[in-house]
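Same order as they appear, the protein sequences are chains A and B. Each residue of the first sequence is one higher than the one before, counting from 53 in our numbering. Each residue of the second sequence is one higher than the one before, counting from 61 in our numbering.
Think of the hints as simulated: they come from the structure by calculation, not from any bench. Heads up, a few of these hints could be off.
If we take Cβ atoms under 8 Å as the criterion, some of the chain A residues that face chain B in the derived model are [claimed, not checked]:
(1) PRO117
(2) ASP119
(3) ARG124
(4) ARG126
(5) ARG127
(6) PRO140
(7) ASN141
(8) GLU146
(9) PHE150
(10) VAL151
(11) LEU153
(12) VAL154
(13) ASN155
(14) ALA156
(15) PRO159
(16) MET197
Built from N, CA and C at the ideal position, the CB exists for glycine as well.
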Amino acid sequence: MLLESRDLSVGYRGQPLFGALRMGVDSGEVLVVTGRNGSGKSSLLRCLAGQQRPLAGAVTLEGQPADDREPRFRRSVAALLDAGAWYPNLTVAEHLSFVQLVNAPLPEDWFTAADLAAALALNSFADTVPGQLSSGQRQRLAVAMVLARPSRLLLLDEPERHLDESGRDSVGRLVTEYADRGGAVVLVTHDASLAVGPGWRTLSLDRDAAEGPAVASGKRARRRSGAR
Amino acid sequence: MSVVRRAPAGPAVSSVQPVRANPPGASRRWLRQRRRQHGGGAGSLYFVALSVLVGIAVVAGTLPRLLSGDRSAADSAAALPLLAVGLLGYAFALTLAARFGPVTATPATLAWWLASPVDRRLLLLPGAAMVLSVAAVVGALHGAFVVTVIGAAEQTAAALMVGAGITGGVLTGALAVVIQTVTDAAAAVLERVAVLLGAVAAVLTMVRTPVPAVPAWAGPWGWPQAAAEGRGGSWLPWAVAMALAVAAVGVWRLDRLPLRRLAAGSTLGAIAGAGLVTVDPGIASRAAEERRWATRSPRGGGLPGIAGPRAVVGHDLIVARRSPAGLLVAGATLLMPTLLGLLTGWGIVLAAGWLLSGLAAVAPSTVNARRDRDLPALRRLLNLSGPTLVGARSVLPTVLAVSWGIGAGALLTARTPGAEGWAWPVLGAAAGPGLAAGALRAARRGAVRHELPPIVTPMGILPTGPLHWAATGYDTAILFTTPTLAALITGVPAAMILPQVIISVVGVVAFVLLAGRGDGRR
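Please construct the entire structure, taking both the sequences and the accompanying hints into account.
Spelled out as structure tokens, the structure:
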């Protein structure tokens, strides 16, 4: 199992948003996480990304604790958790080139900048700086940048935000392609159309995880979500 | 028990009523009352405290000189360098005015009040008054500096020179306001004027011809000199009248200032757009940087095809190539140590001027280091260790600082009587890495830390957050360039070269390791 959580409880100031969550994602799999606002989806992703300490339980990547401070962990995980980040002085095309140049050498079968630009329709504004883009165009750039960087685990928090229908379709296709190339994906979304893909599993935090470790059942979460 | 106060009710909107802006006075009073209830007087206290400090600095800087009976006559060789300092000061002030508006309003005012049917002139009046007040203080400082350098025969003459400085400052500030009300391209106009002033200052720095006096028609940057020895009696009243008239025109035209010019042209517009309600220098400078790039198309080649951490250096290089303004700033700041050397000789003024000029020259090359520090998501995308990324981001600022140190040292040698020929450029180069570390630390500082405990003084409560913010970066630069600063005070550079090399190397390595590891933990 590439990514695994055991008896995971996530929350703030000692108050759990959910508890005793057991889940796992292997290479080539896509796990879609859904839930109402405030159910803890983004907090779960931050825990999986090693950026937030859980209240209880553990997250491991290939058996090693998820810790954003570890270079080995960072090398394997690419995450788009908040609004995208960019340099105000580089164009869209330069952002993709820059991320790939700094991360060189790339695996041979990795997405090229041209692949990503074509898939997300970036070419029409490739020579524009982010400050001149619409919010939807900037979101396309953010998705492209996170995919430009080689990784084995992709964490996406509502990548559909600000995107039109064609943009959402593009993201869905790229997530499938990422998994087909052997990567594991955890995708948080409110978009029902984006949540459905061939062989994708769904974890509903409203249904599969309950508030508080005393109430939640990891087995229940596993059974209902099908997560291993 | 809590008391809910109603906001003043305005008349219902009716299509048949004559269209007339509502006076904002009642709303302002209501807001002031709310602020008092919530103890929100810290901002005004801070401003009062800062104003008092500035006033003390002016008085402390000039009074001892005036009262000691210094009767030194104006040195004809100092006239042009002094005028060049004035030109550089005005160029810097106009650049800031272009960056910030100059007239602007708080983010909340921009987002809510200016879009509502209230009297825009009254709403923007405090902003315009602030611009004119700051301009007057800057002009007073200019006048006081001129008095300090060339002296005054009597206190009336000194007061005339300071008054001429204030008049010049107010006239320039008012002209900037008028330009903002006239054209959408106000920022470009002000920046071009600033570049022109910098170019004239460069020429004046290299001219060796003595000039007996600076005439009033040289411009407001020369008025304190033109008023020296009581020569301002004939033209100064007219200058005061002109400054007041232009200020009145600026205030009168405030209601002609479209919202787009305030919101799109000012830094605070960007802050309001980001949904922030507070402003501090850290946020403002970041917003200004974003706006600057968002209003231009990048030119001048693409990323060099180099991989790994060297690509980060390549990124800094193309940004430097796309920002000729940064190189212009560096060129202009080269002049300041030379001019101060000519005017004040070796001493603390020259050392402070050298340090501030060096940091200003390197600052434009540190914008990407600041971005990396602000956005952990970017660091994760680049997937470099903290020290590697900070080290790569330090390369260009260090190269620039070394070059600047050599240039400033060479100019100092060329124009300062008694300067040792070879030692100053070498010492400047040795101090470069220390300057770069200070500039990088200043760039990477975050927002003002308002949670720091205030200091209680006889003048009132002094918040330490802004002071801490202002000192961050300068502290490192002072520490890492101590030998050079000591040499600039004493005028003896050769003995300081080896200590400076050691301190610079140790300093920049320590900065890269500590800052990089700090980023890795965030």
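So, A:ARG127 near chain B? Judge it on the closest CB pair being under 8 Å. holds, 6 Å
With 8 Å as the cut and Cβ atoms as the points, is A:ASN155 at the interface with chain B? OK, holds: A:ASN155 within 8 Å of chain B, min 6 Å.
Using the nearest Cβ pair, does A:ASN141 come within less than 8 Å of chain B? holds, 5 Å
When the least beta-carbon distance from A:PRO117 to chain B is tested against 8 Å, hint result: violated, 16 Å
Given A:PRO159 as an interface hint, is its Cβ closer than 8 Å to any Cβ of chain B? Result: violated, 14 Å to nearest chain B Cβ.
Interface hint outcome for A:LEU153 [beta carbon to chain B under 8 Å]: A:LEU153 check passes; min Cβ-Cβ to chain B is 4 Å, inside 8 Å.
Min Cβ distance, A:VAL151 to chain B: is it shorter than 8 Å? holds, 5 Å
Interface hint check: A:GLU146, Cβ to nearest Cβ on chain B, cutoff 8 Å. Holds or violated? Check passed: Cβ of A:GLU146 comes within 5 Å of chain B, closer than 8 Å.
Regarding the hint that A:ARG126 lies at the interface with chain B, is the smallest CB-CB distance below 8 Å? holds, 6 Å
Hint validation: A:MET197 versus chain B, beta carbon distance must be below 8 Å. Holds or violated? holds, 6 Å
Holds or violated: is there a CB of chain B closer than 8 Å to the CB of A:ASP119? For A:ASP119, the interface hint is violated, since the closest Cβ of chain B sits about 11 Å away, which is over 8 Å.
At a threshold of 8 Å, is the proposed contact between A:ARG124 and chain B supported by beta-carbon distances? violated, 11 Å
The structure does not agree with the numbered hints 1, 2, 3, 15 stated previously, though it agrees with the rest.
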